[in-house]
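Protein chains in written order, with the numbering used here: chain A, 1 to 447; chain B, 1001 to 1303.
Hints are computed from structural coordinates only; laboratory data are not their basis. Among the hints, a few may not be true.
So these bits of chain B aren't anywhere near chain A, every CB distance computed over 12 Å [what the hints assert, rightly or not]:
hint : residue
1    : Met1049
2    : Ser1101
3    : Glu1193
4    : Lys1246
5    : Ala1259
Cross-link-like lysine-lysine pairs, in silico, DSSO-like; alpha carbons within 30 Å at most [as the list claims (entries may be wrong)]:
hint : chain 1 : residue 1 : chain 2 : residue 2
6    : A       : Lys71     : A       : Lys229
7    : A       : Lys409    : B       : Lys1076
8    : A       : Lys151    : A       : Lys295
9    : A       : Lys444    : B       : Lys1105
10   : B       : Lys1054   : A       : Lys100
11   : B       : Lys1076   : A       : Lys92
12   : B       : Lys1208   : A       : Lys439
13   : A       : Lys229    : B       : Lys1062
14   : A       : Lys335    : A       : Lys127
Stretch-level coverage of chain B by chain A, calculated; a stretch enters the list once three of its residues show a Cβ under 8 Å from a Cβ in chain A [stated by the list, open to error]:
hint : segment
15   : 1076-1090
16   : 1133-1142
For glycine and all other residues, C-beta sits at the position ideal for the given N, C-alpha and C.
So the chains spell out like this:
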Amino acid sequence: MKQTQRGVRWLAVAVLLTSLLSGCSKDNTAASGSNTPAGSDASAKQTTLRFSWWGGEDRHAATLAAIEAYKQVEPNVTIEAEYQGFDGYEQKIKTQLAGKTSADIMQLDLPWLQELSRKGDFFVNLKDQPAFDASGLDQEFLNNYSVYNDKLIAVPTGVNAYCLIINKTLADQLGVPADTEWDWDTLYEAGKKLHEQDSSKYLLLTDHAAIRQDMVTMLKQRTGSQWVKEDYSLGFTREDAAASFDWLLKAMEAGVYQPLGESDLFFGKIDQNPKWINQDIVMAPSMSSILLSLKNVLPADVEITTGLPIIAKDAKDSGVLVRPSQLLAVSNDSKHQEEAVKFLNWFMNDKEAAVILGDVRSVPPVKSSQEAAVAAGKIDAAITHAVELGLSRAGIVDNSVANNSEVQKIMDDIVQKVSYGKSTPEQAADELIANLTSKLAELKGRS
Amino acid sequence: MSVGRTLKPRKNYNHIGLLYILPWIIGLLIFQLYPFVSSLYYSFTDYNMVTPPKFIGLTNYKNIFLHDPDFYQSLKVTGIYVLLAVPVKLAFALFIAVLLSAKLKGIHFLRTVYYLPSILGGSVAISVLWRFLFMKEGIINSMLTKLHLGPVDWLGSPDVALYTLGLLTVWQFGSSMVLFLAGIQQIPSDLYEAGSIDGASKPRMFLKITLPLLTPIVLFNLVMQMVNAFQEFTGAFVITNGGPMKSTYLFALKLYEEAFTFFKMGYASALSWIMFVLIMAVTAIIFRTSNSWVYYEDGGDRS
């Protein structure tokens, strides 16, 4: 009797557990069903794509408008927008890619693409996609930035050039020349003079990433080569590094830059820096795609122009950085790759899209799109000017080791020590070389 | 004949109870135990979330202890942070709780007001607000300048930034305060009457009656706040991003950076286990020393 009762109880337990599992199974079946394309209804089937990007308000508004326009092209495709500022975007994207929950189409920065292409096969090879027309794009540009292991895994959204974004109205008021070609010495003298006249004013808007870029640029200009080479060796000497840091220390002390402690509160969001908004800073060394963000926070009557970034006297390489503003890629985990590629093709090649988007991702790289946007007056002349200058003086192309986040972090750390006066230029040079050597050996062993 | 009848054993209902809590058990197993155990495994691999993890023995731990100066920097920063923010927070919470335990008109409103920062929590929005309050051109410096006391570089100075972040944590003392308030309410009033009859002053009654009887709650608050402080992340990430010069580079930031900036999941798992061991050790020390300072009215269960 007892035996029977106990059996009945455990049977009840088993039934309940089975029901629970059955419920899960049913859900899975339903989910699978919804992913199976019904052949006869394929052309009329509703498709939802996720599109992920970072940017400022202008870019968000224009991109949303483009998504709206695409509804007229493909009524059965819905694009879900996932947009935010730059801060934190990289972490989100990498986590989603690793977890296979990424958007179908996503905007990426070049260094991440280089890193990710080494780590795995995340993106659709657009060469295999007949729906994507790459003929309007410069092949050398693609080969430099979009092709990895002979696969075209992303498309540049625009041509970005490192430049000086200049508040010309303020520069004219303060007697700072707005149309000159700077070298590090003339820049230092002008910045020092400006800060001596008015201690609330600084010549350059920056954060530690921008200073890191300046230091890397200086090294390239001194050596004519990559600061970190593709074979995991250093491309500069101790003397090169010490001279660069010496300039940085002097510039910080003289007030050429806003103190890093203040400016770094706006790391990755320099347009929110009150010193720029209150027009206490004249120029921002930055990528041209940032221009609109920096312009939009200033009064409408302020004139913004662009100029070449700083090039050393006797530079062996200009160090002028030209590269994709961002890149767009289609995830290999996308369940609607064909539809995603079609949208990407429209977004990049269609004249209507170009007119809607204008210069929110800098100058369009497709010639016909560029012409359409210019004709419609949708590209800021200052951005075009920056890109033209950049292309005319472009320096060597960065390699993926130099762009590695751990490598860059080492320079970031040294830059901060020098900026805060916690390290002499010679100590900084020694530490940079020691830490880089160690890290590069580790990376080489890991690759 | 029935005199010799054996009593039937009590029916066993364990399986029914287990069924009722099954959802919670499943959640525990899936979301707590599995990650806990798998992170220990990953800490012995070079897992980067992309390629399959490859076993590398103690290499991650060796690299952390022998080749990573940032590890020691994050330990140092976190240690200072815990040692300052936790005691100050508890002291302030207790102080306010004593004040708010008075029988006054409008006291409930004041209790609510003081609790509000705790409800707001250490969220991103509050962190952004803190940044704007304390930056060089912020309202705090505006007020200090008017008083000829400023400006202070609250967030931009490597010597000051960590304390400014600590202030944000201390400001959220409401939950500790509520626990202290509840404890104070439970202290028998006849003890105070006896003290009053014997001529004890208020400070002396606080030291001899209130504080000893609150020590179990002090212990609870101390452990909870200490554990949370070791894992503090949001303020340091949103406001200062570990800067300036890594002066706010808390352990959780180090962990985050290795995991989500560098994709070094194995390494990050090893760091998280080191944090776990560290917190366990500090907790054990607190519990062991609590024998000498925590008073239980019922004598505890040690007798």
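Now the hints, each set against the structure:
1. Met1049: Contrary to the label, B:Met1049 does not stay out of reach of chain A, its closest Cβ about 4 Å off (not over 12 Å).
2. Ser1101: holds, 40 Å
3. Glu1193: holds, 55 Å
4. Lys1246: Not fine: 8 Å to the nearest Cβ puts B:Lys1246 too close to chain A.
5. Ala1259: violated, 9 Å
6. A:Lys71 with A:Lys229: violated, 46 Å
7. A:Lys409 with B:Lys1076: holds, 20 Å
8. A:Lys151 with A:Lys295: violated, 37 Å
9. A:Lys444 with B:Lys1105: The hint is violated at about 71 Å.
10. B:Lys1054 with A:Lys100: Answer holds: B:Lys1054 to A:Lys100 is near 20 Å, not above 30 Å.
11. B:Lys1076 with A:Lys92: OK: B:Lys1076 and A:Lys92 at ~29 Å, within 30 Å.
12. B:Lys1208 with A:Lys439: violated, 58 Å
13. A:Lys229 with B:Lys1062: Since the Cα atoms of A:Lys229 and B:Lys1062 sit roughly 28 Å apart, the hinted pair holds (cutoff 30 Å).
14. A:Lys335 with A:Lys127: OK: A:Lys335 and A:Lys127 at ~18 Å, within 30 Å.
15. 1076-1090: violated (count 0)
16. 1133-1142: Holds, because 3 residues of the segment 1133-1142 of chain B bring their Cβ atoms closer than 8 Å to Cβ atoms of chain A.
Of the numbered hints stated above, those contradicted by the structure are hints 1, 4, 5, 6, 8, 9, 12 and 15, listed in ascending order.
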